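Model the full structure from these sequences, guided by the hints.
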Amino acid sequence: MPFREAVRLALQVIWNQKMKSTFSVIGVFIGVTFLIGVVSIIQGMNGYMTDRFASTLLGVNTFQLRRYPGIQMGDVSRETRREWRRRPRITYEDARAVAAGITVPAVTAWESTTSADIVYEGSVARQIQVIGATEDYFRLKKWNLEQGRPFSPQEARAGLPVLVIGSELSERLFGNLDPIGREVKIRGTLYRVIGVVEPQGNLFGISLDKFAVAPALSAVKRLVNPPRVVDALLVQTESIEDLRTAMSDAEAIMRSRRELRPTEENSFSIETSEAVLDFWGKINGILMLALPLLVGVSVVVGGIVIMNIMLMAVAERTREIGIRKALGARRSDIMRQFLVESAALATVGAALGILTGLAAAGIVQATTFLPAKVAPWSIAVAVLLGAGVGMTAGLYPASRAARLDPVEAMRQE
Amino acid sequence: MSGDSIIRLAALTREYRMDAETIHALRGTDLEIRRNEYVAIMGPSGSGKSTLMNLVGCLDTPTAGEYWLNGAEVSAMDDDALARVRNREIGFVFQTFNLLPRASALHNVELPLIYAGIGARDRHRLASEALERVGLGDRMHHKPNELSGGQRQRVAIARALVNKPSILLADEPTGNLDSATSAEIMDVFEQLWHQGQTLVMVTHEADIAAHAHRVITLLDGRIHSDTVREAA
Numbered sequence: 004m005p006f007r008e009a010v011r012l013a014l015q016v017i018w019n020q021k022m023k024s025t026f027s028v029i030g031v032f033i034g035v036t037f038l039i040g041v042v043s044i045i046q047g048m049n050g051y052m053t054d055r056f057a058s059t060l061l062g063v064n065t066f067q068l069r070r071y072p073g074i075q076m077g078d079v080s081r082e083t084r085r086e087w088r089r090r091p092r093i094t095y096e097d098a099r100a101v102a103a104g105i106t107v108p109a110v111t112a113w114e115s116t117t118s119a120d121i122v123y124e125g126s127v128a129r130q131i132q133v134i135g136a137t138e139d140y141f142r143l144k145k146w147n148l149e150q151g152r153p154f155s156p157q158e159a160r161a162g163l164p165v166l167v168i169g170s171e172l173s174e175r176l177f178g179n180l181d182p183i184g185r186e187v188k189i190r191g192t193l194y195r196v197i198g199v200v201e202p203q204g205n206l207f208g209i210s211l212d213k214f215a216v217a218p219a220l221s222a223v224k225r226l227v228n229p230p231r232v233v234d235a236l237l238v239q240t241e242s243i244e245d246l247r248t249a250m251s252d253a254e255a256i257m258r259s260r261r262e263l264r265p266t267e268e269n270s271f272s273i274e275t276s277e278a279v280l281d282f283w284g285k286i287n288g289i290l291m292l293a294l295p296l297l298v299g300v301s302v303v304v305g306g307i308v309i310m311n312i313m314l315m316a317v318a319e320r321t322r323e324i325g326i327r328k329a330l331g332a333r334r335s336d337i338m339r340q341f342l343v344e345s346a347a348l349a350t351v352g353a354a355l356g357i358l359t360g361l362a363a364a365g366i367v368q369a370t371t372f373l374p375a376k377v378a379p380w381s382i383a384v385a386v387l388l389g390a391g392v393g394m395t396a397g398l399y400p401a402s403r404a405a406r407l408d409p410v411e412a413m414r415q416e
Numbered sequence: 002m003s004g005d006s007i008i009r010l011a012a013l014t015r016e017y018r019m020d021a022e023t024i025h026a027l028r029g030t031d032l033e034i035r036r037n038e039y040v041a042i043m044g045p046s047g048s049g050k051s052t053l054m055n056l057v058g059c060l061d062t063p064t065a066g067e068y069w070l071n072g073a074e075v076s077a078m079d080d081d082a083l084a085r086v087r088n089r090e091i092g093f094v095f096q097t098f099n100l101l102p103r104a105s106a107l108h109n110v111e112l113p114l115i116y117a118g119i120g121a122r123d124r125h126r127l128a129s130e131a132l133e134r135v136g137l138g139d140r141m142h143h144k145p146n147e148l149s150g151g152q153r154q155r156v157a158i159a160r161a162l163v164n165k166p167s168i169l170l171a172d173e174p175t176g177n178l179d180s181a182t183s184a185e186i187m188d189v190f191e192q193l194w195h196q197g198q199t200l201v202m203v204t205h206e207a208d209i210a211a212h213a214h215r216v217i218t219l220l221d222g223r224i225h226s227d228t229v230r231e232a233a
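From first to last, the protein sequence lines are chains A and B. First residue of the first sequence: 4, per this note's numbering; consecutive thereafter. First residue of the second sequence: 2, per this note's numbering; consecutive thereafter.
Since the hints were derived computationally from the structure, they do not count as laboratory data. Among the clues, some could well be false.
As the list claims (entries may be wrong) - Listed next, the in silico DSS-like pairs over lysine-lysine satisfying Cα-Cα at most 27 angstroms (straight line):
(1) A:213 x A:145
(2) A:188 x A:213
(3) A:285 x A:376
(4) B:144 x B:165
(5) B:144 x A:23
(6) A:21 x B:165
A quick note: this is a predicted structure, and the numbers were derived from the prediction, not measured.
See below:
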């Protein structure tokens, strides 16, 4: 029997027994749904972590010099936390010395943050991230301004009360009014808005456009830190090689400034996006290891179900098999008929699983901040998995069917 | 040996082993059937006529002896070769029709052509022609349960003949039919015989056997009598 004929026959049988077919493919269906759904979400997270999370929080080819890590991943013990709190802070002098001592081309900026209310006439924007920074901060963050301008080196050095704000904050405070030149109050000090940063979107559902940046030496310094202290020095280089050099430069400078002995550990943190990505890579690795296991279990169960269904089908259709053999079907014809049927059954289950998985990924994408990105390879794997499971599960039933004796088989009612 | 011999059995033996007991279903049968003979095989149940039928139809293999069909030694063939012989050389008509219940008359008739590897278009044409020949040109797309017993048996006959087999083997072809319909089927057989078809029919009904020109009676696994009726 030609292959096309076998496929046509198999689909017909499956269609004729819709109910039974539905139940028999449930295992494969669930396995594949899971595969597509989870892989899509992991894939999406992957893209998100690499493209948005790491680069937004830490920047590409950028390191941050801090007292202790800004992003803490995994378990941090209490002793470690206590040790962190005992560390000296990063001073203006530290920041200046490191910025001056880096031996490769680099953009540097200070960053200190706090949260405060911002008042414009009657309206208040509460709990806004207020950042004290130096003039190159915008360049380093790759923020373009949609209105106005960033503050100049002169304004930064003089600590003038000027403010560059995020687009959402601008909208909240001023609505349709032109924000440039308007004066807002932060804890009693007046600042003049000189620029608005174009929208940055959101990260894990949190808007990235609700912030205000003032020169680090302006009055904002009293809000964010004790005198002459910064949260972080940001250093950005042109390449990853330069970044490594800059990091070891920074480490050497800080160690010598703090007079650390070779046996002593760093009393500061140098943080890069790579560290975050490494951690995510670890989680990703665990998920990717667990996934085949989970998919495997449901698919094996699905395969056993299909095998039983096929054994039943062979028993029910013994007479049909006998007739086919009497009319000239060879063993291989019968074998192929049942193998194709079993494979088609599982593939239909896999196809339904793919559709459901895609739908699930779409729903997650639409309703949560989690991005879902369908991996084409997962669809290919699902299809092969379905057909493979079907073939394997069908092997034994099909060979039983093929070996039936035509006389005996036709005697069955 | 005559040149137009189509079936030749030499000391054909079939034994079944059941537990410790051996059942001698067929004890060394010699038989020759020539082209365009119309043979009825009779005998009480247990006489071995079904065993003979299955062996002649290549559905079963002998324990000993030789079976030559159309000059080929069938008794030496493997499973696949036997399937091929069943497909090309033999057309079966069964007492219970043995149609696939979910398939249309047309598809049932197409089955032997599928296993002969004939393409869809030719298959369709040949099967339609075969159904028209048995007077079912207007019932091609009916399922077996939408057809009467006589019509079902005609579908089975169309299916048996669609590959132009050397012999038509009928096993109690009228066993499930009323007498009027039986007569109808016997007429069809008669016509086929006149068109040159070789027919072998197993029956236990004497009046059905009377349609054949040669009647072989089996008893206890041996040929008991073999009578040829003179042509009218």
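Evaluated hints:
Pair hint residue 213 (chain A) plus residue 145 (chain A) holds up; C-alpha atoms about 17 angstroms apart against a cutoff of 27 angstroms. Distance check on the hinted pair: residue 188 (chain A) and residue 213 (chain A) sit about 16 angstroms apart at the alpha-carbon level, within 27 angstroms; holds. In summary, the hint linking residue 285 (chain A) to residue 376 (chain A) is supported, as the alpha carbons are separated by about 19 angstroms, within the 27 angstroms threshold. Simply put, residue 144 (chain B) and residue 165 (chain B) have alpha-carbon atoms about 24 angstroms apart, close enough for the 27 angstroms limit, and the pair holds.
With a CA separation close to 22 angstroms, the supplied pair residue 144 (chain B) and residue 23 (chain A) stays within the 27 angstroms bound. Distance restraint check for residue 21 (chain A) and residue 165 (chain B): the Cα-Cα separation of roughly 38 angstroms exceeds the 27 angstroms cut-off, and the hinted pair is therefore not satisfied.
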